[in-house]
Amino acid sequence: MRAGGEGSRERILARVARAAASRGRLSHPGALATPAGADPVAGFVKCFTSSGGEVVKADRGRPANEWLTDFLQALEPEVVGVAVGPEVPADLRPRLPDVAAAHAGAGISVAWGAVSESGSLILPSTGTRAVQLLPPVHVVWVPEGRVFARMEDALRELLDGLPAAVGLHSGPSKSADIGRTVVTGVHGPGRCMVVFI
Amino acid sequence: MIRDYAARSREIIRDEPGVREAVTGATIAFDEKRRKGYAEVDADAWRRWAEGVKNHTLTHLDHYLTEAEARLQANGAQVHWAADAAEAREIVIGLATRRAVASVVKGKSMVTEEIDLNPSLEAAGIEVIETDLGEYVLQLLEEPPSHILGPALHKSLRQVQDLFAERLNTAPDGDPDTLARAAREVLRNAFIDADMGITGANFLVAETGTVALIENEGNIRLTTSLPRVHVAVVGIEKLLPRMTDLAGFLQLTARAATGQPIGCFVSLIQGPAADPGDDGPEEVHVVLVDNGRTDVLAHEHAWEALRCVRCGACLNACPVYRQTGGHAYGHVYSGPIGSVLDPGLLGLHEAMPLPFASSLCGACQDACPVRIPIPELLLEWRKEAQDEGLTPWKERAALAGLASVATRPGLYRLAGRIGSRLGTTGAARALPMLGEWARDRALPKPSPRTFRQLWREGIE
Ligand code: SF4
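Chains as they are written, first to last, in my numbering: chain A, 8 to 204; chain B, 270 to 729.
Hint data in this document are derived by calculation from the structure and do not stem from the laboratory. Among the clues, some could well be false.
Claimed, not checked - Straight-line alpha carbon distances no greater than 27 Å define the calculated DSS-like cross-link-like pairs of lysine-lysine that follow:
(1) A:K53 / B:K302
(2) B:K305 / A:K53
(3) A:K53 / A:K64
This structure is a prediction, so every number in the text was calculated from the model and none was measured.
Could you build all of it, start to finish, from the sequences and the hints given here?
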C-alpha cells in the first residue's frame, strides 16, 4: 500500500466535510413505518414460497431426527451424506453420514430467526457457511416463535452480539442471465426448505 | 470513449439489431416487475423516506465514514482509503501480493469496473474469475457489462449457446439449465481454489461496520465466505447510518431492481471470522473509494445523484437506453443515471454528449427509489455545457431527435414507415431532426411488429 493512504483519508474527509457544511446538514426522517402483518408465520410462508422456497411439515408424532432422515432419503435424488452446522442440536441431526459440505447431498442448519415481510431466513456465521451454501439442498429448522414481522425488528434484535457475518436467505439460488429464463441452483442451493420447530 | 456515443449508437442499431430487441424485451420485463413490486407497498412513502435518509447521510458523510471505519476496525477488519482509481487498484494489488494470492473470484461490482481492476490484477499475474453468471459470460467474451443488473442482458440465448459450446463443451442447443450447470461446475472449483474474494457493496452501515450485498445467485455469499481474504471495494456514497435504515433499503432496492421483496441472498459482513464454528475469511478489507465522488458531492445540483443505489430501474424505464443497451454510453454507468453521474465523476467535458441523450420524458425519475430528479439534473448539465460551448448544435439536435423518436412510439412508427419508403435521405428530409442520425445508415430498423406491442406493455 502506498504511503499516500493516510493523506487520502484526510483529504477525502476534509472535502466531504466542506461539501456538507456548504450545503447545510439535513436531518434524518426517522423510522420507516412498514405495516406489520397480523400473522408473521403465515406472512413468512406466503412470501418465502412465492420466491421458490419450500415449507415442509414435519410429522410431529415422531422424533424430529427420525422424520428428517426419512424425508432426506425420500428426496429425488436421495440424500446420502449430509453436512450439519455446529448449531444443530443432536435431536435435530439426521441419522446419515456426515460428509464435507462440498460433497453433501443436503446441508442442515438452524436459523437464528426469520422475517415475515420479506420471507427471509437469518443465518449467522456462528453456523458453518459452507453448510448453508454448498450442498444442492438446504434444510433449515426455524423456531416458530422467532419469526419477526418486520426486517427492522429482526435487525434491531440482531445488533446484540452481531456475528462476523449474517446471511439472509429468501429462496433458492436463481439466475435469469441466460436467455432471460429463470434457472435455479446456479451457485447456492437449488432447493431451500424450511421446517418449523 | 463517451465522445463517440452517437457513432456507437448508430453502429449498434445498424450492425447489431439483436441488441435492441434483447435489451428492449429485458428492460420492459424488469420495469413491469418493478411496477408490481412498488404496487405491493406504499412506494411513495418508502421512496420519500429513502431520499431523506440518503440526504441526511450525504450531508453527514464525514461523520458516518469515520464511524464505519472505527466499527470495522473494532470488528477486526482493515479499512483503506483511495482518492482515485489508481490508488484503489494499488491497494487491492498490494493486498493480493502480500498474501501471495494466485487466483481471485469476484462478485458483480460496478465500482471495480469503474476503477478497471481486472486488467491490473491480471497484469500482476493473478487469475481473475467473474462468478455472476452474466458477468462470467461477458468475461469469456471480453465485453464490459451493459446493464447494472443483467450485465449480459443484451446477449441472446443463441449467443450463449455458441459461446458455451465452444468454451465449455456443452451441446450446441443446450437449454439455459444445462448451460448454467456447466458454468456452475467451472465456477464451483474456482470458489474452492481462490485465495481472495473481491466484491463491491450495496451499502455500508456506519453503526455496525456492515458491508451489505444483495444478489440472487449465491455467488457473492460464496465469494465472501470461502476464500481466506475478502476485499470489499466501496464507493464513499454507500453509507447508511443504522441497521434499521438498512432494513428499509434492502427491501426498497430489491423492489426497484426486480420487484422482489428482497434478493434471494443478502450478505451482512461485519469483519473476519471470529467464532470457532465460522469457516469465513481470515481477513476482511474495506477499500473506501472517492474517485470523483467528492467532486459530485460539492456540485450545487449533481450531488443528488449520489443517492443512487444502482438498482437499474432508470435504465429499464428509459426509451433511449432501450435502443442500444449500455455499451453505447462508453462508461460503466450508462442510461439515465450514467448521463447525470458521469459528468460529475469524470468532468463534463469528458462526459459529453451524454446529458443530451435524453428526451426528458421523466420515466426515470418516476421509477427511481431515491427520487433523483434526473431530468432536472440533465438540464443543469446541458446549461453548463452550453455555457462552456461544449457541443455543436448539430449533434445536440440529432441526439434530441433520436431521444424524442425513441420516446414517442407514434413518431417512431412514422419515421420507420417513411424511412422504409423513402430510404435514408427521404426520412432525413421528412424528419430533419434525424439528419445526423440518419447519415450513412437506415433508420433504427423497427422489427416493430413486436416493438409496438412491447411499447404498449411497457409505457402506459
Ligand atoms: S438513479 Fe435511481 S433508478 Fe437509477 S440506478 Fe440509481 S437509484 Fe436506481
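Ascending list of hint numbers which this structure does not respect = none
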